[in-house]
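Q: Taking the hints into account, I'd like the entire structure generated from these sequences.
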Amino acid sequence: MEENGSLRISKSLWAAAIFLAVMLLCLVGDPAGWGQSPDPAGLVAAGIFAVGFAVLSVLQDGFPRVIMFIAALGICAWLTLELPHIALVIPMLYFLAGTARAGHRTFALLSATGILIFGMTLQLIQRQAPAEIFGYELLAFAALALLAVAFGELRENRKILGEHMEQLENVARRASNAETEQQQLIKRARVTYQLHDEIAHNLAVASLHTNAALDSELTDTSTALRLIHVRQAVTGALTALRRTFDALGHQELPEELSATLEDVERIATSLRDAGIEVSIHSSGLGHTANFPQLAMRIIREAATNAVKHADPSEIVIWIRENDDENQTPHWTVSVRNNGVPRPNPQARPGQGLTRLRTATEEDGGTIEWGRLGSNYLLSATVRKENEQKP
1 MEENGSLRIS
11 KSLWAAAIFL
21 AVMLLCLVGD
31 PAGWGQSPDP
41 AGLVAAGIFA
51 VGFAVLSVLQ
61 DGFPRVIMFI
71 AALGICAWLT
81 LELPHIALVI
91 PMLYFLAGTA
101 RAGHRTFALL
111 SATGILIFGM
121 TLQLIQRQAP
131 AEIFGYELLA
141 FAALALLAVA
151 FGELRENRKI
161 LGEHMEQLEN
171 VARRASNAET
181 EQQQLIKRAR
191 VTYQLHDEIA
201 HNLAVASLHT
211 NAALDSELTD
221 TSTALRLIHV
231 RQAVTGALTA
241 LRRTFDALGH
251 QELPEELSAT
261 LEDVERIATS
271 LRDAGIEVSI
281 HSSGLGHTAN
291 FPQLAMRIIR
301 EAATNAVKHA
311 DPSEIVIWIR
321 ENDDENQTPH
331 WTVSVRNNGV
341 PRPNPQARPG
351 QGLTRLRTAT
361 EEDGGTIEWG
371 RLGSNYLLSA
381 TVRKENEQKP
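Residues 1 to 390, numbered by the numbering used here, are exactly what the sequence shown covers, in order.
Rather than coming from a laboratory, the hints here were simulated on the basis of the structure. The C-beta atom is built at its ideal place from N, Cα and C for all residues, glycine as well. Be careful, since some hints might not be right.
Unchecked claim - So the derived label-pair ranges between C-beta atoms look like this:
#1 Glu166 <-> Gly62: 17 to 27 Å
#2 Ala175 <-> Glu325: 33 to 43 Å
#3 Gln327 <-> His164: 45 to 55 Å
#4 Arg174 <-> Glu277: 50 to 60 Å
#5 Glu325 <-> Glu262: 45 to 55 Å
#6 Thr358 <-> Lys187: 18 to 28 Å
#7 Gly162 <-> Ile48: 34 to 44 Å
#8 Val51 <-> Leu161: 31 to 41 Å
#9 Ala224 <-> Glu277: 20 to 30 Å
#10 Thr260 <-> Asp220: 36 to 46 Å
#11 Ala175 <-> Trp318: 34 to 44 Å
#12 Pro329 <-> Glu163: 41 to 51 Å
#13 Gln128 <-> Gly162: 38 to 48 Å
A: Below, the structure written as structure tokens:
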């Protein structure tokens, strides 16, 4: 509401300025007649034209081309009545600039050219000398017309540039918000994967302790029954965890995630607490050095499966970095255990390693597992491009 009021005031001021400018220039535009009484008919005609130009200035924003056409006709009529030419400077420049600002530059230039040609034609009809026709007045009108069109074009370009800058700011703001959301999603994905792996591993350790307790000589039937319920609950929790994780759609590892040797040490510590001897061979890899999260998940999955299904007494983990120029740089991870799979006719094939095999092969790596003598060995290669970029 306030903006509309300011616009009306601005238009009213422009109309008053054009009216006063036309009348003032009309009065002082003929120096030869300054000592004579003003012609009433000329003043009335000038007043009518001044009011008309003022009204057109108010309506200009709505129909710029139509208003420019009417203004051009009015200017030609003014020239026909032989009123002072200098009084046309203000309305002509105003309408030319306004039309160019509205995006009709060509139309404004054609209108200015038409007005100048019309004025020269009238002068030729009046048998004026060519020196008077093509004098400084014509050059001044042509130069001012070009400046008016250029000014209108400049205003339009500034407006377009401002809109583009605003759009760029909006795009930059959305890009920044999207990047922030992406970082949040990456953090959530990291927490989700770590939480999934920790819970699954701890449940597997709980299952190991439960099986060990059931294998011992229990004289209390009620205690054995409770342990069986615990084992069933742990198995159900593992199954529910896997199904929930799959339902969330976490089928691929975020490339931004990475792991360190400290993560492997935490797995080893939990396995040692369960009575399993764990050895880690990292080929000089520092505790804080990064390696792919995919390799970390393969190690965790292999250790979890060993504890869950084979009751091993020893697990050996190898992590090796390969930078051979003749091969694609990659990481090699291996997990060996001496466990013997427990017979379980109700056991169903797991999907953890299968899913990891798909992710590894899609990235150009390999993963294999199987019996090796009295041991069970899982070995995988993971491309180094999976590492977190610095």
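Q: All hints, please: hold or fail.
A: Okay, the hints, checked on the actual structure:
Checked against the hint of 17 to 27 Å, the pair glutamate 166 and glycine 62 passes, with Cβ atoms roughly 25 Å apart. Taken as a hint, the range 33 to 43 Å holds for the pair alanine 175 and glutamate 325, whose Cβ atoms sit roughly 39 Å apart. Distance hint for glutamine 327 and histidine 164: a CB-CB separation of about 50 Å, consistent with the stated range 45 to 55 Å. One distance hint, 50 to 60 Å for the beta-carbon pair arginine 174 and glutamate 277, holds here, with the actual separation near 55 Å.
For the pair glutamate 325 and glutamate 262, the supplied restraint of 45 to 55 Å is violated, since their beta-carbon distance comes to about 30 Å. For the pair threonine 358 and lysine 187, the beta carbons lie near 25 Å from each other, so the given range of 18 to 28 Å is met. Our hint of 34 to 44 Å for glycine 162 and isoleucine 48 holds, since their Cβ atoms are close to 39 Å apart. Distance hint check: the CB atoms of valine 51 and leucine 161 are about 36 Å apart, consistent with the given range 31 to 41 Å.
With their beta carbons about 28 Å apart, alanine 224 and glutamate 277 fall inside the hinted range of 20 to 30 Å. Roughly 45 Å separates the CB atoms of threonine 260 and aspartate 220, a value that falls within the hinted 36 to 46 Å. Evaluation of the 34 to 44 Å hint for alanine 175 and tryptophan 318 yields a pass: the beta carbon distance comes to about 43 Å. Judged by the Cβ atoms, the range 41 to 51 Å given for proline 329 and glutamate 163 holds: they are separated by roughly 49 Å.
Take glutamine 128 and glycine 162: their Cβ atoms lie about 47 Å apart, and the range 38 to 48 Å holds.
When each numbered hint is compared with the structure, a violation occurs for hint 5 only.
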